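With these hints in hand, go ahead and build the complete structure from the sequences.
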Amino acid sequence: MGKKIKKEVDAPPKDVFDPLAIESKKAETAVLMLQSPEEEILAKSCDALYKFAKKGDENKAALLGLGAVESLSKLISHEDKIVRRNATMVCGIMAAHNDVRKLMQKLDMIPSLIARLAPEEEVVVHEFATLCLDHMANEYTSKARIFELNGLEALIRLLSSPDPDVKKNSVECIYLLAQDFQSRSAICEQNAIPPLLELLKSDYPVIQQLSLKALGSVSCEAECRIALKENQALDNLLKILEVKELNDLHVEVLLIIANCLEDIDTVQLLQQSGGLKKILTFAETSPLPDVQRNAAKAVAKSANNAENRKFFHEQEAEKTLVELLASDNNGVKVAALQAISVLCANVASKEIFSKNGILQIINLLNKDNAEVQEAAVFALANLTTGCPNNAGALVEADGIDALVNLLTDKTEEVIASACTVLINMAAQESLRLVMQSHGVMQALATTLQSASNLVLRKAELTVAALGCDAEARTEFKNADGLVHLVKLLSSNHDEVRRNACWAIAVLASDEETAGELYRLGAFEILQEMNFSTSRRNNFSELAENKMLDNNLPLKYNQKGHLSYSNLIKDGFYDHGRLKPGSKLPSLEELSKQMLNQNRAVVLVNTKLPELITPSPPPAQEKSEPNQGRSASSQSRSASREKGGRNVPSPVDDKQDVPSGRSPSLSRSGVKERSSSKIKSRVKKEEEKMKEEDEIPPAMIQPEPVPQITQWLPPFDQELADYISEVTRTILPLLHPREQVVALAQFVAEKMGGPVAKDRLHEFSWELHVSELKYELKCNVIPIGKIKKGIFYHRALLYKAIADRIGIGCSLTRGDYGRAWNEVKLLSDSIHAGTKAPPETYIVDLMYQPGHLMKPGSVETDHYQHI
Numbered sequence: 001m002g003k004k005i006k007k008e009v010d011a012p013p014k015d016v017f018d019p020l021a022i023e024s025k026k027a028e029t030a031v032l033m034l035q036s037p038e039e040e041i042l043a044k045s046c047d048a049l050y051k052f053a054k055k056g057d058e059n060k061a062a063l064l065g066l067g068a069v070e071s072l073s074k075l076i077s078h079e080d081k082i083v084r085r086n087a088t089m090v091c092g093i094m095a096a097h098n099d100v101r102k103l104m105q106k107l108d109m110i111p112s113l114i115a116r117l118a119p120e121e122e123v124v125v126h127e128f129a130t131l132c133l134d135h136m137a138n139e140y141t142s143k144a145r146i147f148e149l150n151g152l153e154a155l156i157r158l159l160s161s162p163d164p165d166v167k168k169n170s171v172e173c174i175y176l177l178a179q180d181f182q183s184r185s186a187i188c189e190q191n192a193i194p195p196l197l198e199l200l201k202s203d204y205p206v207i208q209q210l211s212l213k214a215l216g217s218v219s220c221e222a223e224c225r226i227a228l229k230e231n232q233a234l235d236n237l238l239k240i241l242e243v244k245e246l247n248d249l250h251v252e253v254l255l256i257i258a259n260c261l262e263d264i265d266t267v268q269l270l271q272q273s274g275g276l277k278k279i280l281t282f283a284e285t286s287p288l289p290d291v292q293r294n295a296a297k298a299v300a301k302s303a304n305n306a307e308n309r310k311f312f313h314e315q316e317a318e319k320t321l322v323e324l325l326a327s328d329n330n331g332v333k334v335a336a337l338q339a340i341s342v343l344c345a346n347v348a349s350k351e352i353f354s355k356n357g358i359l360q361i362i363n364l365l366n367k368d369n370a371e372v373q374e375a376a377v378f379a380l381a382n383l384t385t386g387c388p389n390n391a392g393a394l395v396e397a398d399g400i401d402a403l404v405n406l407l408t409d410k411t412e413e414v415i416a417s418a419c420t421v422l423i424n425m426a427a428q429e430s431l432r433l434v435m436q437s438h439g440v441m442q443a444l445a446t447t448l449q450s451a452s453n454l455v456l457r458k459a460e461l462t463v464a465a466l467g468c469d470a471e472a473r474t475e476f477k478n479a480d481g482l483v484h485l486v487k488l489l490s491s492n493h494d495e496v497r498r499n500a501c502w503a504i505a506v507l508a509s510d511e512e513t514a515g516e517l518y519r520l521g522a523f524e525i526l527q528e529m530n531f532s533t534s535r536r537n538n539f540s541e542l543a544e545n546k547m548l549d550n551n552l553p554l555k556y557n558q559k560g561h562l563s564y565s566n567l568i569k570d571g572f573y574d575h576g577r578l579k580p581g582s583k584l585p586s587l588e589e590l591s592k593q594m595l596n597q598n599r600a601v602v603l604v605n606t607k608l609p610e611l612i613t614p615s616p617p618p619a620q621e622k623s624e625p626n627q628g629r630s631a632s633s634q635s636r637s638a639s640r641e642k643g644g645r646n647v648p649s650p651v652d653d654k655q656d657v658p659s660g661r662s663p664s665l666s667r668s669g670v671k672e673r674s675s676s677k678i679k680s681r682v683k684k685e686e687e688k689m690k691e692e693d694e695i696p697p698a699m700i701q702p703e704p705v706p707q708i709t710q711w712l713p714p715f716d717q718e719l720a721d722y723i724s725e726v727t728r729t730i731l732p733l734l735h736p737r738e739q740v741v742a743l744a745q746f747v748a749e750k751m752g753g754p755v756a757k758d759r760l761h762e763f764s765w766e767l768h769v770s771e772l773k774y775e776l777k778c779n780v781i782p783i784g785k786i787k788k789g790i791f792y793h794r795a796l797l798y799k800a801i802a803d804r805i806g807i808g809c810s811l812t813r814g815d816y817g818r819a820w821n822e823v824k825l826l827s828d829s830i831h832a833g834t835k836a837p838p839e840t841y842i843v844d845l846m847y848q849p850g851h852l853m854k855p856g857s858v859e860t861d862h863y864q865h866i
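Following this note's numbering, the numbering of the sequence shown begins with 1 at its first residue and continues without gaps.
For the record, the hints were derived by calculation from the structure and aren't laboratory data. All values derive from a computational prediction rather than experimental measurement. A portion of the hints provided could be inaccurate.
Unchecked claim - FRET-style restraints, in silico, Cβ to Cβ:
| hint | residue 1 | residue 2 | range |
| --- | --- | --- | --- |
| 1 | A348 | Q428 | 49 to 55 Å |
| 2 | L433 | E512 | 15 to 21 Å |
| 3 | Q272 | V347 | 22 to 28 Å |
To be verified - Simulated crosslink set (DSS-like; lysine-lysine; CA at most 27 Å straight-line):
| hint | residue 1 | residue 2 |
| --- | --- | --- |
| 4 | K773 | K592 |
| 5 | K81 | K55 |
| 6 | K569 | K555 |
| 7 | K277 | K213 |
| 8 | K319 | K239 |
| 9 | K579 | K607 |
| 10 | K54 | K74 |
| 11 | K559 | K579 |
| 12 | K201 | K213 |
| 13 | K559 | K592 |
| 14 | K297 | K319 |
Even glycine gets a Cβ: it sits at the ideal position worked out from N, Cα and C.
This is the structure:
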């Protein structure tokens, strides 16, 4: 054999780099390798980074800090499909980190990610590209960018992908995009409903749930609900409800049904097919609180339509909702209460809740859960609106205390609803009286100190609703409610100011409250408000007029006029004109002033001061025999004391009443018994009184002396006599004209008689009035004591007496002491049965007492002016 010759190996080219196997143990190196121009190194680096990032958020944050995201944002669009795939996988994993998503958004990676959804890309690329978009769709700006770049179309197409992960990521991304109304419409336009419904058949519960959530969002749009109906979605959804094994899907199914029930056609269809009854039965029997809550929400949404409320009433939805109130879950209670609030807009439903439901709702007012309280009181507000029976049922169920307690709640919506319930109840007088005994006015006085305009508006309306009763006004005043209400007249909130005016207009219905409001400055604020074009409102002028009508001294002082309906009562006084900016003093303040040179205040008062007898001191043992002293002896002593005081008895020529019986019973007994029995009883009374008179003086306790507990205006005996005389002589006259003339002559006679026009300056009435002031040591003079009166004295006396006997007249103040009365009389020339308006006359009380003058005539002008 020949000798073997060794073959020579060719040396490698000098310009070629020999392959180098590198093993790196640090992520920094892998990140640096992302800058390599070699596809193999890029692919391997991305693969290594994917495995590293998958281990946790700390690794994702580390890669972010090393600048990996910037490189990956370029690599996901690399020409090499392996590099693209691996880079997309890294991006999909890292997008779970919030800071990474922010940087991806800044780098505008969404266009590249949407491009990876193309059909020619691998399934793995689809999976991680959709995962990345899914994470980014949690941000609003990213959602808008995806929508802008028409990413929905690719996502909807991938709902039919054979890979479950792609389906899951795509449907979840669609669900997040559907939170925006623009995307919802686009989803329907791109026919996404059929593939979403198809996903309900998936073997993966998470895909089914996400599909239902997406359908729940898009079903808010009417066109999407039409698409659902066209694809028989409701039938499939009801079938899911019937399968107990699919109870994890029931919550989302009911949300979709709730949206669909907003359409009348859908409700009618379900009502005819029995689907509506199935939903209610399912809600009542389901053991899952979330299911029950969503079922109640479905009823609430649908019942916003009047036609739908009728369908629910036919299916006895009220019974189901009342049953849900007994749930242990607060969320179910709140949803049921909200459904009741909407459903009770149907009158028939309100009546059902009156019998079954009011009591349960009242019990929920005392729950610690704020949401339950708010929903319960709101339901009661709707139940009692326009339904007196429900308001009465609330009282019967002892719900007033709970409502009053809610007036001091921390939540303004709760207080507002509680006020609405109280307003609804206050429409019935019988209920108002019951409410007053529960301290509602004191609670409202506290509520008026709230900082919430909503609370203040409602509280003011509640005060107005309850303030039409005298006891309620007194209770509110004693609780300092008027103080807080007057402050609200200066509020910068228009509705608060308006409602405050309305409340004051109601409260100023009696003289005492109107006087207190004036003292607190309400009148001045209302005057300023009515002068302002921006602050006055519909009720500010009404409130001012109501205060004046129930404070006639103030009205006459401010307006110089009292109308026919302004009847002068006891306690009225004419102060004369005030200086601008001055406040009208009270009658008590004027009476206690020192004598001055000011115009005398003329008083009208025939009311006797109420005398209150103080309780006698405790009887001692030695006075026990006198404890049986008869009432007849006491009455005799009291009558003797009254006689000494020269106070006229309110009842004249009345027979004394035997002790121990009321006057009415004694009089009836006298009528019924025979005269012999009367004589026998009188004889016994005389013997009894004789025995009492024989008791030693030391054993007789002194009679308690009646005392006046507060200041009262002086009693005008002369005026009382005038009224008695006029009642006896003028009131019986048949013709109104005769009454008017006779009263004018009577007043003139009592005030110094007729005065000739040319001798008016000689009528020394000023000296007479000054003498009266000095005699009484007071600036206030009862009008009956004035025997020389000028125009304004006579006109006031005429009005005061005319109002007592039913003659309608007005009182107007002029200048320089002038004043006059206006009356309306039918003309004597009008034939019987002819309808004609009465004619107006001015009554002459000075020159020719009883002469009737036509307004606007020369003689009237001379009478009214100097």
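Verification of the hints:
Taking the beta carbon of each, A348 and Q428 are about 21 Å apart, not inside 49 to 55 Å as hinted. At roughly 20 Å, the beta carbons of L433 and E512 sit within the given window of 15 to 21 Å. Checked against the hint of 22 to 28 Å, the C-beta distance between Q272 and V347 comes to roughly 24 Å, which is consistent with it. A C-alpha spacing of about 13 Å is found between K773 and K592, which places the hinted pair at or below 27 Å, so the restraint holds.
Restraint check for K81 and K55: satisfied, since their Cα atoms lie roughly 25 Å apart, inside the 27 Å limit. Between K569 and K555 the alpha-carbon distance is near 13 Å, which keeps this suggested pair within the 27 Å criterion. Distance check on the hinted pair: K277 and K213 sit about 24 Å apart at the alpha-carbon level, within 27 Å; holds. A distance of roughly 24 Å separates the Cα atoms of K319 and K239; the hinted pair therefore holds under the 27 Å criterion.
For the proposed pair K579 and K607, the alpha carbon gap of about 31 Å is over 27 Å, so the pair is violated. Between K54 and K74 the CA atoms are separated by roughly 20 Å; this keeps the pair inside 27 Å, and the hint holds. At most 27 Å may separate the alpha-carbon atoms for a hinted pair to count; K559 and K579 meet this at roughly 14 Å. Between the alpha carbons of K201 and K213 the distance comes to roughly 15 Å, so the proposed pair stays at or under 27 Å and holds.
At roughly 26 Å between alpha-carbon atoms, K559 and K592 fall within 27 Å of each other, so this suggested pair holds. Restraint check: the Cα-Cα separation between K297 and K319 comes to about 15 Å, which is no more than 27 Å; the hinted pair holds.
Taken one by one, the earlier hints fail for this structure at numbers 1 and 9, listed in ascending order.
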